[in-house]
Amino acid sequence: MKKLEYDLVIIGGGPAGLAAALEAKRDGVSKILICERAPYLGGILNQCIHNGFGLQYFKEELTGPEYASRFIEELENSDIDVKLGTMVMEIMADKKVIAVNREDGMFQIDTKALILAMGCRERTRGAITIPGSRPAGIMTAGTAQSYVNLEGYLPGKEVVILGSGDIGLIMARRLTLEGVNVKGVIELMPYSTGLIRNKVQCLDDFGIPLLLSHSITEVHGNERLEGVTIAEVDKSFKPIEGTEHYVSCDTLLLSVGLIPENELSNNLGCEMDKVTRGPVVNEKRITNIPWVFACGNVLHVHDLVDNVTQEAEIAGKAAAAFINNKTNEEEKDVIITHDKNIGYVVPQHIDALNNQEQTIKFFLRVRNPDEDVRLIVKDNFNKTLLNLKKTIVEPGTMVTFNLPREFVTKDTSSIDISISKEQAQ
Amino acid sequence: MAIKKFICIGCPKGCSLKVEHTEKTINEISDYSCKIGLKYAQTEFTEPKRTITTTVKLKSGDLPFVPVKTKEPVNKEKIFEVMNVISELEIESPVRVGDVVVSNIAGTGVDLVCTRNIKNAGMR
Numbered sequence: 001m002k003k004l005e006y007d008l009v010i011i012g013g014g015p016a017g018l019a020a021a022l023e024a025k026r027d028g029v030s031k032i033l034i035c036e037r038a039p040y041l042g043g044i045l046n047q048c049i050h051n052g053f054g055l056q057y058f059k060e061e062l063t064g065p066e067y068a069s070r071f072i073e074e075l076e077n078s079d080i081d082v083k084l085g086t087m088v089m090e091i092m093a094d095k096k097v098i099a100v101n102r103e104d105g106m107f108q109i110d111t112k113a114l115i116l117a118m119g120c121r122e123r124t125r126g127a128i129t130i131p132g133s134r135p136a137g138i139m140t141a142g143t144a145q146s147y148v149n150l151e152g153y154l155p156g157k158e159v160v161i162l163g164s165g166d167i168g169l170i171m172a173r174r175l176t177l178e179g180v181n182v183k184g185v186i187e188l189m190p191y192s193t194g195l196i197r198n199k200v201q202c203l204d205d206f207g208i209p210l211l212l213s214h215s216i217t218e219v220h221g222n223e224r225l226e227g228v229t230i231a232e233v234d235k236s237f238k239p240i241e242g243t244e245h246y247v248s249c250d251t252l253l254l255s256v257g258l259i260p261e262n263e264l265s266n267n268l269g270c271e272m273d274k275v276t277r278g279p280v281v282n283e284k285r286i287t288n289i290p291w292v293f294a295c296g297n298v299l300h301v302h303d304l305v306d307n308v309t310q311e312a313e314i315a316g317k318a319a320a321a322f323i324n325n326k327t328n329e330e331e332k333d334v335i336i337t338h339d340k341n342i343g344y345v346v347p348q349h350i351d352a353l354n355n356q357e358q359t360i361k362f363f364l365r366v367r368n369p370d371e372d373v374r375l376i377v378k379d380n381f382n383k384t385l386l387n388l389k390k391t392i393v394e395p396g397t398m399v400t401f402n403l404p405r406e407f408v409t410k411d412t413s414s415i416d417i418s419i420s421k422e423q424a425q
Numbered sequence: 001m002a003i004k005k006f007i008c009i010g011c012p013k014g015c016s017l018k019v020e021h022t023e024k025t026i027n028e029i030s031d032y033s034c035k036i037g038l039k040y041a042q043t044e045f046t047e048p049k050r051t052i053t054t055t056v057k058l059k060s061g062d063l064p065f066v067p068v069k070t071k072e073p074v075n076k077e078k079i080f081e082v083m084n085v086i087s088e089l090e091i092e093s094p095v096r097v098g099d100v101v102v103s104n105i106a107g108t109g110v111d112l113v114c115t116r117n118i119k120n121a122g123m124r
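Heads up: the sequence lines are chains A and B, in that order.
Using the numbering used here, the first residue of the first sequence is number 1, and each one after it goes up by one.
Using the numbering used here, the first residue of the second sequence is number 1, and each one after it goes up by one.
Just so you know, these hints were derived from the structure itself, not from any lab.
From the three backbone atoms N, C-alpha and C, an ideal C-beta is built for every residue, glycine too.
Mixed in with the good hints there might be a few duds.
Each computed PhoX-like pair below joins lysine-lysine, with the alpha-carbon atoms no more than 20 Å apart [unchecked claim]: (1) B:Lys76 / B:Lys24; (2) A:Lys421 / A:Lys361; (3) A:Lys95 / A:Lys112; (4) A:Lys317 / A:Lys25; (5) B:Lys49 / B:Lys35; (6) B:Lys24 / B:Lys5; (7) B:Lys76 / B:Lys119; (8) A:Lys389 / A:Lys378; (9) A:Lys389 / B:Lys76; (10) A:Lys31 / A:Lys96; (11) B:Lys71 / B:Lys5; (12) A:Lys410 / A:Lys389; (13) B:Lys76 / A:Lys59; (14) B:Lys4 / A:Lys361; (15) B:Lys5 / B:Lys18; (16) A:Lys59 / B:Lys57; (17) B:Lys59 / B:Lys39; (18) A:Lys410 / A:Lys421; (19) A:Lys390 / B:Lys13; (20) A:Lys59 / B:Lys35; (21) B:Lys71 / A:Lys59.
Output of the computed footprint for chain B on chain A, the stretches with three or more beta carbons under 8 Å from beta carbons of chain B [what the hints assert, rightly or not]: (22) 209-217; (23) 231-243; (24) 290-303.
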């Protein structure tokens with residue numbers, strides 16, 4: 001078996017892997033390898049041909065492929081190695097990575113550090129149990145996006161979309177532009193789970209209805225999908241009798257959530273967060289295994305690629321510090337806790353003695369939409385570190401905030417984050 | 001005086017904007033939180049515009065299609081007219097980000113440009 005040696009191996013050549021590699025390179029890591037499963041770099045951005053990317057990071061509006069090409073071009077001018085069409089099979093505890101591709105066959109890479117940047121995949125029909133037959137014409141919104149944008153095929157002529165996630169909304173517009181009759185978007189929750197701007201520019205612009213608090217109760221058709229029965233649901237998401245009606249369609253797209261792709265991390269023994277379904281990390285994006293870092297959608301699903309890039313740069317920088325022996329020798333672990341209004345917080349713990357950055361950036365998601373709330377951050381002495389006003393919070397939009405490093409002292413042992421309704425003055 | 005409300009699509013925040021107007025004349029724009037929002041409210045009231053993103057067939061490229069966009073937003077009513085022009089196109093590879101595919105597409109005054117670098121299949 002062929003053997004290679006690198007200082008840093010990055011699994012995944014999407015936005016997270018690209019930004020992590022470039023940042024590690026800027027911080028002086030000499031031998032870096034990116035392993036990418038697809039035949040090209042850029043990951044999911046290649047099929048996200050719509051615009052709206054980069055407003056935060058580049059201060060201009062770009063399409064997905066344009067956003068990716070900025071990093072790919074920089075990478076092509078560097079000495080970072082890339083192996084395309086390469087599938088990583090296993091990461092071993094003794095810092096060896098086993099991968100396979102057509103050119104090298106099965107091969108081994110010895111590394112000093114590793115960054116997990118495998119991204120996520122879509123929840124499928126199997127994960128949401130829709131009753132009825134199993135005809136052709138049912139697929140995830142991302143699969144349809146790949147057919148239309150990369151391969152040039154339309155998935156059907158009459159489409160119903162289940163789930164108001166951003167990919168579903170984007171595909172409603174994309175298919176309408178290509179002449180497909182998009183009959184509507186059906187959402188189980190009483191609110192749209194995608195960004196509000198996507199509801200406006202993808203549905204409202206074309207008069208596509210959005211049915212909130214609705215679900216599909218039956219799928220019809222044998223060889224090919226012929227239609228779906230939809231019904232209104234009550235507060236416990238049970239279909240309300242008498243509200244059912246039939247909608248004919250030959251295609252059903254599912255936009256019902258994303259799941260981090262963590263088979264490799266699980267097999268390696270990374271400690272996982274049950275809510276994010278990604279590894280548990282500290283603010284440097286180090287997992288419970290000191291030489292393994294994680295960033296991007298493999299860690300937690302982001303709404304904005306700009307946030308992925310920022311997070312990947314944190315991981316790239318931290319991996320470089322680890323490889324170059326520049327990390328602080330002593331660590332003091334501070335646990336991050338949160339109240340029940342918050343679904344999750346990343347990072348899950350921080351190192352009080354790490355003084356590389358001035359601020360610690362937190363990402364969190366709320367469980368339910370709310371207005372005029374306060375985000376309060378307290379330490380174990382019940383001292384309020386931050387008290388921020390948030391006009392609107394919703395599960396579909398990640399909340400971010402910065403905690404100044406000076407608020408965390410050597411005596412801090414835990415930090416609690418809560419979101420509560422603003423008290424009337 | 002009447003009020004028309006918009007949701008800004010300028011960034012993921014999605015601010016609610018308020019335009020107070022008398023017939024077709026804007027009296028006041030409020031509730032915007034940045035310059036993008038102010039400008040969006042103005043154009044959305046007078047002449048709504050959108051950037052169109054789609055794909056164009058590519059001859060002997062590494063990939064069969066290249067993603068494209070209108071370099072600037074175009075009049076919303078022109079969207080399907082622009083799409084009709086694009087559906088007839090087939091261009092030569094290689095292409096680079098920013099290459100103009102059609103200038104002044106469908107009389108909008110806006111150029112259609114490539115958004116991905118794609119090599120010619122023979123150029124490996």
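Hint-by-hint comparison with the structure:
Restraint check for Lys76 of chain B and Lys24 of chain B: satisfied, since their Cα atoms lie roughly 18 Å apart, inside the 20 Å limit. Of the pairs offered as hints, the one joining Lys421 of chain A and Lys361 of chain A is violated, with about 23 Å between alpha carbons and a cut-off of 20 Å exceeded. Simply put, Lys95 of chain A and Lys112 of chain A have alpha-carbon atoms about 7 Å apart, close enough for the 20 Å limit, and the pair holds. As the CA atoms of Lys317 of chain A and Lys25 of chain A are separated by approximately 9 Å, the hinted pair is consistent with the 20 Å bound.
The suggested pairing of Lys49 of chain B with Lys35 of chain B holds, with an alpha-carbon distance near 17 Å, which does not exceed 20 Å. Taking the CA atoms of Lys24 of chain B and Lys5 of chain B, the gap is near 14 Å; set against the 20 Å cutoff, the hint holds. Our distance criterion of 20 Å between C-alpha atoms is broken by Lys76 of chain B and Lys119 of chain B, whose separation comes to about 33 Å. Distance check on the hinted pair: Lys389 of chain A and Lys378 of chain A sit about 15 Å apart at the alpha-carbon level, within 20 Å; holds.
A hinted pair counts as satisfied when its Cα atoms are at most 20 Å apart, and Lys389 of chain A with Lys76 of chain B does not qualify at roughly 36 Å. Proposed proximity of Lys31 of chain A and Lys96 of chain A is supported: the alpha carbons are some 15 Å apart, at most 20 Å. Pair hint Lys71 of chain B plus Lys5 of chain B does not hold up; C-alpha atoms about 27 Å apart against a cutoff of 20 Å. Annotation: proposed proximity of Lys410 of chain A to Lys389 of chain A is violated, straight-line Cα distance about 28 Å (limit 20 Å).
Using a Cα cut-off of 20 Å, the hinted pair Lys76 of chain B and Lys59 of chain A is violated, with the two alpha carbons roughly 24 Å apart. For the proposed pair Lys4 of chain B and Lys361 of chain A, the alpha carbon gap of about 38 Å is over 20 Å, so the pair is violated. For a cut-off of 20 Å, the pair hint linking Lys5 of chain B to Lys18 of chain B stands: about 5 Å separates their Cα positions. With a CA separation close to 30 Å, the supplied pair Lys59 of chain A and Lys57 of chain B exceeds the 20 Å bound.
For the proposed pair Lys59 of chain B and Lys39 of chain B, the alpha carbon gap of about 39 Å is over 20 Å, so the pair is violated. A C-alpha spacing of about 32 Å is found between Lys410 of chain A and Lys421 of chain A, which places the hinted pair above 20 Å, so the restraint is violated. This hinted pair checks out: Lys390 of chain A and Lys13 of chain B have alpha carbons roughly 12 Å apart, not beyond 20 Å. Distance check on the hinted pair: Lys59 of chain A and Lys35 of chain B sit about 13 Å apart at the alpha-carbon level, within 20 Å; holds.
A C-alpha spacing of about 16 Å is found between Lys71 of chain B and Lys59 of chain A, which places the hinted pair at or below 20 Å, so the restraint holds. Chain B is given as covering the stretch 209-217 of chain A, and this is violated because 0 residues of the stretch bring a CB closer than 8 Å to a CB of that chain, at least three being needed. Three residues within the 8 Å Cβ limit are the bar, and the stretch 231-243 of chain A against chain B gives 0, so the coverage statement is violated. Here's how the stretch 290-303 of chain A fares: 1 of its residues keep a CB closer than 8 Å to some CB of chain B, so the rule of at least three is not met and the hint is violated.
When the structure is compared with the earlier hints, violations turn up for hints 2, 7, 9, 11, 12, 13, 14, 16, 17, 18, 22, 23 and 24 and for no others.
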